[in-house]
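Line by line, the protein sequences are chains A and B.
Everything in the first sequence is counted per my numbering, starting at 1 for the first residue and increasing by one.
Everything in the second sequence is counted per my numbering, starting at 1 for the first residue and increasing by one.
Please note: incorrect hints may appear among the correct ones.
[Stated by the list, open to error] No farther apart than 30 Å at their CA atoms in a straight line, the calculated lysine-lysine pairs in the BS3-like style are these:
hint	chain 1	residue 1	chain 2	residue 2
1	A	K172	A	K117
2	A	K172	B	K18
3	A	K133	A	K175
4	A	K132	B	K40
5	B	K3	A	K172
6	B	K34	A	K57
7	A	K163	A	K132
8	B	K3	A	K85
9	B	K34	A	K129
10	A	K163	B	K173
11	A	K86	B	K18
Treat the hints as calculated values from the structure; they're not laboratory data.
Owing to the predicted nature of the structure, the values given are computational and were not obtained by experimental measurement.
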Amino acid sequence: METTDIIQACITRDQAAFRMLVDNYADFAFSVAFRIMNDEDESKDIVQESFIAVWNKIEGFNPRNNFSNWLYRIIVNRCYDALRKKKRNPLVYPDNNNWNIPGVFSDSNADTILDNKETGKMIRRLTNKLSKKQKIVFVLSELEGLSREDIAEITGMTRESIKSNLFHARQKIGKLIEKYI
Amino acid sequence: MNKDVHYSNLIEKLKGNKPALSDREELIDEIMQKIRAAEKRTTVPEKLSHFLFGWADVVWIRGAMALAATLFIGIFIIQQVVITDRINSLEKQLVRTVNTLQTQEPDLGIMQKVFLNVVAKDQMADDSITVSRSDLEELLNSYLELKKDYDEMKENRGIESYIQKKIRQNLKKENDDNELDL
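Construct all of the structure, not just a fragment, from the sequences and the given hints.
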């Protein structure tokens, strides 16, 4: 069954079709949320909230539009809110200053398989000094590989703002790398 | 190895390691349970409202309605402009007619004057008077009667005999008065 047909069925409040939709996009949603939040439990909560929002708003969605971008937008908005709350009550990660990950900077280990904990630790360490916007733009552009047009559609930011946030994010991460090599 | 190469390696490493979702089925079941619970909580008025107005959530219907509304508003504005323009044009015509009548005083029949007085009452000078319909009818009837008599007299050359008769009457009256004085 095509995504368009599944969405069409979801619009008519077909729960079986919605289960299919969640099944198809759960990994994708978790991946995006985790790369922004760097925490499994928080990311799962965001995935849940996002899919509930999808169910509540799907009647207003045009099936001919890009569903992935719409889902991205819902997830990113929830992540942004969660990051804002987190800033008010910051969590302490004891490993923040420790690059104890095998072959972090070596090109010989490009295929090294990292588990969620290690990936989360690495992204958290890299993006620790970034603002919320810089972090989101960095994740969407560098890790998710989205174009600036798509990022603009998802975040509602202008292209200039995306360019500037990405530039500052790269600069800060570059300085961090310089410090540790 | 420079900073950019390290940066690229790091990004490639992170890109290649997609976070894996553990307890997938459990998470999906939880989402579905929450949705079912939310659906059950939907009250009767909400269901009724959704049944009656749910179509408004359909994107193409909403777009079409917005377009139709814009079209109707546009037509309404154009119609108002045309009507206002027409009223202004008629008003100007009426004022021009009344002004012409007041300045040139053309030889119009009483009926036309009365008609203009009724129609263009608002455009008349402030010292104009108001007369009742019955007075006006009486006035018109008297005028028409007099006009008829006058025309008849003119046609029958009866005016001369009428004047002579009047003169005689006056002379006789004067003589009678003189005799009384003597």
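Compare the structure with the hints numbered earlier in the document and write down the numbers of the violated ones, lowest to highest.
Of the numbered hints, 4, 8, 9 and 10 do not hold.
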